[in-house]
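2 protein chains.
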Amino acid sequence: MKHISEIKHAFEQFLLAKTEHLPHASEIAYLLKNVHQENPEDFRGMLGRIPQDVRGEVLLELPEKLKEEAIECYSSEELAEAVEGLDSDDAAELIEDIVDFDEDKSEAVYEKLDEEDREDIDKIRSYEDDQAGAWMQTELFEATLDETVRDAIARLKRLKEEGELENVHQLYIVNDEHRLVATLALEDMILMDFEQTFRAQMGPKEFRSVEATDDIDEVATIFEQYDFAVLPVVDHDSRLVGRITSDDIFDVIEERATEQIYNLAGVNDEVEQEEDIKGVFKNRASWLFVNLLTAILASVVIGLFDATIAAYVPLAILMPIVASMGGNAGTQTLTVMVRQMALGDIEFGNAKSALYKEIAVALLNGLLFALIMGLIAWAWFQLPLLGVVIGMAMIINLFIAGFFGASIPLLLKRLNIDPAVGSTVLLTTATDVFGFFSFLGLAKIILL
Amino acid sequence: MKHISEIKHAFEQFLLAKTEHLPHASEIAYLLKNVHQENPEDFRGMLGRIPQDVRGEVLLELPEKLKEEAIECYSSEELAEAVEGLDSDDAAELIEDIVDFDEDKSEAVYEKLDEEDREDIDKIRSYEDDQAGAWMQTELFEATLDETVRDAIARLKRLKEEGELENVHQLYIVNDEHRLVATLALEDMILMDFEQTFRAQMGPKEFRSVEATDDIDEVATIFEQYDFAVLPVVDHDSRLVGRITSDDIFDVIEERATEQIYNLAGVNDEVEQEEDIKGVFKNRASWLFVNLLTAILASVVIGLFDATIAAYVPLAILMPIVASMGGNAGTQTLTVMVRQMALGDIEFGNAKSALYKEIAVALLNGLLFALIMGLIAWAWFQLPLLGVVIGMAMIINLFIAGFFGASIPLLLKRLNIDPAVGSTVLLTTATDVFGFFSFLGLAKIILL
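Protein chains in written order, with full-length UniProt numbering: chain W, 1 to 448; chain C, 1 to 448.
So that you can see chain W by itself, here it is in the shape it has in the complex (with noise of 0.2 angstroms):
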């Protein structure tokens, strides 16, 4: 991102009329972000001398809360007028927006809109979050088989006048009943001769297209794995409705590692994100309530021993630091077979090969900190069996974590449970409880 002096320079000098280059969206985003931290009023005056044609850009690229605060400023007119200029999906996303902090402005916005406008917007509006269709844009650049190369070029130079369409890419060919039977690449339409059909021109070829009611991660995986910048949509009976282009597959990709990375964590996306502090407080408190009934299972295993630690204190002096290797330990194997789950580099098919391998280096740390913090034990507290107490303990411990760490994970995927989603406090479940059963057991058999 540019230094923002340099953007408020830019952006001032274009509202002087004294340079024709606008400072992008996100870059006038970033300009209100920085104005409304240093003065919330003028953030407001700034807002009223937008160029109106990138307004609805500049929205999207707000943070939530001053997104908020825009839309109340503007007037349903103002808003209208932004929706207008956006493409369709974009433009979905901003009434959106304003559903979500105004529903009765939402209706007045809408109302304003033209027909075509409101047709594209309900369209999009009809699928589901995660559904390809509410991430498709509507503008296309289509034709028959039976036009010829420059009717349809034609028609893409008006759309372009009109500022419909931008990065075209592909031309979508389809039949009477607007069902798409194929794409043509531009580079490709060039090469063509433009006085004659296409269907004198396109030979069969394979092409690819996702429907519009198919799982818009699974799409962006199609994107991934076949290099596409750009696909067409289809609704269930092959009619063209929509395109999804490489933009959209960034978000899709961020968004999911943001989800994967925060359930890990044990919080939740789409809570964090609306930054609303009593939903981030209930979302994070529920997770935190999981996990004090494990740490309580894990105190009542520790119970069972009162007497043992009673008898030798160091025990509890150490104990905790049994549980604390076998949960940093499971979490490397957990987060990594997690990882490699999402990316498709572990299936079921070559699980058991991963499984071993997780064994295998924990069994090796296993090894190297029984070792070590044998050692340590027996140096400190002046007790040679104490210190291979602890080591045994390690050495199970860290295998438990290798093992459920591992484990886990597929378990949860055959189950068809997300394994990012609690995969953590089962494993620290089973590290906690086997970490302190197995150092107190052995130290109650061994010691005492």
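What the hints contain is simulated information worked out from the structure, not anything from laboratory work. Watch out, some of these pointers could steer you wrong.
[Claimed, not checked] DSSO-like mimics (lysine-lysine), calculated; alpha carbons at most 27 angstroms apart, straight line: (1) C:Lys205 - W:Lys160; (2) C:Lys205 - W:Lys18; (3) C:Lys357 - W:Lys282; (4) C:Lys65 - W:Lys413; (5) W:Lys2 - C:Lys352; (6) W:Lys413 - C:Lys33; (7) C:Lys282 - W:Lys352; (8) W:Lys2 - C:Lys205; (9) C:Lys282 - W:Lys357.
[Said to hold, decoys possible] Some chain W residues flagged as far from chain C (calculated, every beta-carbon gap over 12 angstroms): (10) Glu6; (11) Met46; (12) Pro51; (13) Glu68; (14) Tyr74; (15) Glu84; (16) Lys123; (17) Ala134; (18) Thr197; (19) Ile417; (20) Ile445; (21) Leu448.
For each residue, glycine too, the CB sits at the ideal point set by N, CA and C.
Using the hints provided, position chain C relative to the given structure of chain W.
Chain C alone, transformed into the frame defined by chain W:
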């Protein structure tokens, strides 16, 4: 991904010349993985049956171990053919892989490439892995300002026929010194008068390019922010050297996310990908060793209170609960901070409000779990004051968790250290040490 039997069938049909549609390289790679699991001998047999022009792509899609085996199987002539069938960026990657597995063979392969391919590969390999130049492809559609559009199209046709160019998207206009002076989308070129020069039809227009030495992560951020599908790459002297496309960015985003997820859990993404047990063990052990030191530090803190524990053993039973809740709450905060900082949602400018939010959530959780755990401890050990002690310790430790969880990543970032690396261990140290100290310290003062 299609079902394996479908891919197998399609592949067989192609080999029998019953269809012209060869499955995609990633599908063939998937089939190969499957065959290898069932019978490694069949895997070697199948390698020879892969049509020559997709061998390179298939090789690149294989997991490391199988890739190594396949590179071993193919002769250096076969590998050279595979490399020549690839786009320059992929060719450079495959050469890199061959170097990793067998340096002598890589030289033999390299010698067999033609001059031009060698130059392209050398150029790409001259950049570091994290530089844009290492990710670019050198195949381009370029023209000069004084060429006519028709001449440029004639060259495009030749390049396409030679299979040199795919997914063109943009034309790059260079001057006599091969400096990039403009970019032109194909959709705009198509609307031009083909008989005139570019100079006659193009006004001055801003365009964006990246430098070959730019950090690829920053390039990815530019793609995401401005919704690009392709960007030209220039050298330090503004000379056009290549281009980066959206599929490269998909990979960068996924890799960056993997790196963050792994770093938070104390594993190294590059080492994990090697699939070498010794390397993985060494890397993970070094992280566990750091963790061991912090665990020992926590034990030293417990050791300060050995007389307190000896006097009242339930303290040993309950103390891991305080530490565990702090660790988990802190991880929630830490994860959200690290991810939002990586996505650019949190910067120093708005860090204060993020910090306040985290502390507010931490205090709310502290009050809630102080109450719950206070009541449980009271009921469990029939001692009201024990409930007061654990409740107070819970509030203190959850506050510590929120405060350090939010400020450690900010502090590391300010010190120019990647917040994902090392945050976790610093946080655990804080929550363990403060957790044990506050609980046992309060117990000593209040209970004994």
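- Message: Confirm or reject: W:Thr197 is not an interface residue toward chain C, with every Cβ-Cβ distance exceeding 12 angstroms.
- Response: holds, 17 angstroms
- Message: What's the verdict on C:Lys282 and W:Lys357, does the C-alpha distance respect the 27 angstroms limit or exceed it?
- Response: holds, 13 angstroms
- Between W:Lys413 and C:Lys33, is the straight-line Cα distance small enough, at 27 angstroms or below? holds, 21 angstroms
- Task: Given the hint that W:Lys2 pairs with C:Lys205, test it: the Cα-Cα distance must not exceed 27 angstroms.
- Result: holds, 19 angstroms
- Message: If we take the beta carbon of W:Glu6, is the closest beta carbon in chain C still more than 12 angstroms away?
- Response: Fine: 14 angstroms to the nearest Cβ keeps W:Glu6 off the interface.
- Query: Is W:Ile445 truly not at the interface, in the sense that its beta carbon sits beyond 12 angstroms from all beta carbons of chain C?
  - Reply: holds, 19 angstroms
- Status of W:Tyr74, Cβ more than 12 angstroms from any chain C Cβ: holds, 23 angstroms
- Message: If we take the beta carbon of W:Leu448, is the closest beta carbon in chain C still more than 12 angstroms away?
- Response: holds, 14 angstroms
- Taking the minimum C-beta separation from W:Pro51 to chain C, is that value above 12 angstroms? With a cut-off of 12 angstroms, W:Pro51 remains clear of chain C, as the shortest Cβ separation is near 16 angstroms.
- Regarding the assertion that W:Met46 does not contact chain C, is the least Cβ-Cβ distance greater than 12 angstroms? holds, 16 angstroms
- Message: Checking one constraint from the list: CA of C:Lys205 to CA of W:Lys18, max 27 angstroms. Satisfied?
- Response: holds, 16 angstroms
- Item | Whether W:Ile417 stays farther than 12 angstroms from all C-beta atoms of chain C, as the label says | W:Ile417 is indeed farther than 12 angstroms from all Cβ atoms of chain C, at 19 angstroms.
Checked against the numbered hints listed earlier, the structure breaks none of them; every hint is satisfied.
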